[in-house]
Amino acid sequence: MAAHLDRDGAALRLGTAWRWLWLLPIAFLTLFFVYPLVSIFAISLAPAGHLDLSGFVTIATSSYYWNTLGFTIGQAALSTLVTLALALPGAYVFTRYQFPGKALLAALAGLPFVLPTVVVAAAFLALIGPRGIINTWLMSVFTLYAPPIQLERTLTLIIIAHIFYNYGVAFRMLQAFWASQSTRIEEASRSLGVAGWRLWWRIRLAMLRPALIAAAAIIFIYNFTSFGVIVILGGARFATLEVEIYRQIANLFDLPTAAALSLVQIVFMFVCLLVFTRLERTVRLTLRGSEANARPPRRVREWALLLANSVFILVFLAAPLLALVLRAFTAPSGELTLAYYAGLTSNPRGSVLSAPPTIAISNSLAIAVVAMIIAIATGTLIAWLLYRQRARRWIEPLLMLPLATSAVVLGFGYNVALDTPPLDLRSSALLVPMAHALVALPFVIRSITPVLRGIPPNLYEVARSLGTHGWGMFRRVQFPMVRRALASSAIFAFTISMGEFGATLFVVRPDSPTLPIAIFRLLGQPGEANYGRAIALSTLLLAICALAFLMVEWVRERGSGDW
715 MAAHLDRDGA ALRLGTAWRW LWLLPIAFLT LFFVYPLVSI FAISLAPAGH LDLSGFVTIA
775 TSSYYWNTLG FTIGQAALST LVTLALALPG AYVFTRYQFP GKALLAALAG LPFVLPTVVV
835 AAAFLALIGP RGIINTWLMS VFTLYAPPIQ LERTLTLIII AHIFYNYGVA FRMLQAFWAS
895 QSTRIEEASR SLGVAGWRLW WRIRLAMLRP ALIAAAAIIF IYNFTSFGVI VILGGARFAT
955 LEVEIYRQIA NLFDLPTAAA LSLVQIVFMF VCLLVFTRLE RTVRLTLRGS EANARPPRRV
1015 REWALLLANS VFILVFLAAP LLALVLRAFT APSGELTLAY YAGLTSNPRG SVLSAPPTIA
1075 ISNSLAIAVV AMIIAIATGT LIAWLLYRQR ARRWIEPLLM LPLATSAVVL GFGYNVALDT
1135 PPLDLRSSAL LVPMAHALVA LPFVIRSITP VLRGIPPNLY EVARSLGTHG WGMFRRVQFP
1195 MVRRALASSA IFAFTISMGE FGATLFVVRP DSPTLPIAIF RLLGQPGEAN YGRAIALSTL
1255 LLAICALAFL MVEWVRERGS GDW
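For the working numbering, count along the sequence shown from 1 and bump the result up by 714.
Everything labelled a hint here was simulated from the structure, so no lab data went into it. Honestly, I wouldn't trust all of these hints.
[What the hints assert, rightly or not] Here are the computed distance ranges between Cβ atoms for each label pair:
hint, residue 1, residue 2, range
1, Phe1030, Asn781, 27 to 33 Å
2, Phe967, Gly784, 21 to 27 Å
3, Ile848, Leu1173, 53 to 59 Å
4, Leu1036, Leu800, 15 to 21 Å
5, Trp915, Arg1015, 15 to 21 Å
6, Ser903, Arg1178, 46 to 52 Å
7, Gly815, Ile899, 26 to 32 Å
Each residue gets a CB set at the ideal place from its N, CA and C atoms; glycine is no exception.
Construct all of the structure, not just a fragment, from the sequences and the given hints.
Structural data, given as structure tokens:
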């Protein structure tokens, strides 16, 4: 009896300790997410200390801002539709057919999603930019004096970059959902004479509708809040809400208008996130789909479809990355060189950087490690909270809101909220990793929470019957089940931190640039040497992110988790 009471007392004390530990993620989200957003609301609604809606009146009565909102929605919707249209055949091929190299192509399709936006932008500049591989070759072969492919600063290049970035998201979401569906409905439909386009329209697309809408919602969010791709490839000609917020702050110093635009974007994105989280429960996205319905292709048409999708993945997704690497080792004369990498250790006079670019490498690695630790610790506690609490319908969208909040808005919030006592953190070295951890937090939560929910209840019953309670339950039952999810989410948080750009642009110190900031600054400077050093830094960042992605894939293949 005494042992039983001691065990119950220990369990009660542990439960009380967990409730106190929950205060840590709540405090973290309050200080580094809620408070900055509330500060933005205060500036937008009461810039002079009393209610003032002039910022919203300016937006509502200006055709420029309406056109900006329209362009933001239009380019995001167009990018989303084209991405889904291209990913749908690939998802079908990888769901229905088995063929050599399938796992490698699937991994390649997912690689662009983990790449920083500055690397994606630099890759397309290296491929089809004015000084890119293709234009340089065409000018040399046909003795041209101007680049024949003029896609820089065009909507076409923005759409192409968005497709490149989000293809893997749509591909994996559709493939995972499709692979979990039975083929009996299709077989029954064929027996009733439904075939060809009618089979696709009435059966396949109808079955995929939840996954299509969920994929469209999350991709639309990414495209709507895209910043690095727009600002580098689009330039001043194309202004989305994200770019306009940055312009109002950095160039015009109009904080009320920037805050009003930020509020409009936050509300818009929260609605999209509600749609996604509602559909996500139905879709039940998983990283690992069933291979039960896959078979080798037999007909010529099947081989042709397989070959077309494989070529698309290899050419469209691999060509920009290969061009980036090749351009980093190629001088304007066409000769191989290491001069761009050698130049990373120097800081030429007049450079916008106040430190050699190599400093950015060590800065990014240190920040990424700290951000990873913070994101894992906070995300694990939140995942435990979601597991223990059953009223999750309204909690999850709120916790996932950082996913839909633009990094630019977040950085803006830090500028206005954390620059005065008692929370003067603008000069703190922890501010940047805190921002990165907040951006990575939703991915950590989405990796760990489904695994905790998926633990069979009978495991707990068996463990209790063997005398396991409290901390021992976590150590012996839950941790072995979630350790792979912890490992993959830790690597993913590290990768996100390495490539974070929007928020960092606001809070990073000039003498301590990160890799994306250094690349952005070098791309904005004239001269072949600066361009070459930006490409060289981009290849280093690409290598780090690709290695991290391979580690995630290795962990995923040994376990399971959530995308």
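Trp915 versus Arg1015 beta-carbon gap, inside 15 to 21 Å or not: For Arg1015 against Trp915, whose Cβ atoms are near 19 Å apart, the range 15 to 21 Å holds.
Distance restraint evaluation - Phe1030, Asn781, Cβ atoms, bounds 27 to 33 Å: holds (31 Å)
Verdict for Gly815, Ile899 (Cβ pair) under range 26 to 32 Å: holds (30 Å)
Assessment of proposed distance window 21 to 27 Å (beta carbons of Phe967, Gly784): For Gly784 against Phe967, whose Cβ atoms are near 26 Å apart, the range 21 to 27 Å holds.
Arg1178 and Ser903 - C-beta distance against the hinted 46 to 52 Å: holds (48 Å)
Verdict for Ile848, Leu1173 (Cβ pair) under range 53 to 59 Å: holds (56 Å)
Range hint 15 to 21 Å (beta carbons of Leu1036 and Leu800) holds or violated: With a Cβ separation near 20 Å, Leu1036 and Leu800 satisfy 15 to 21 Å, so the hint holds.
This entry satisfies every hint, going by the numbered hints stated previously.
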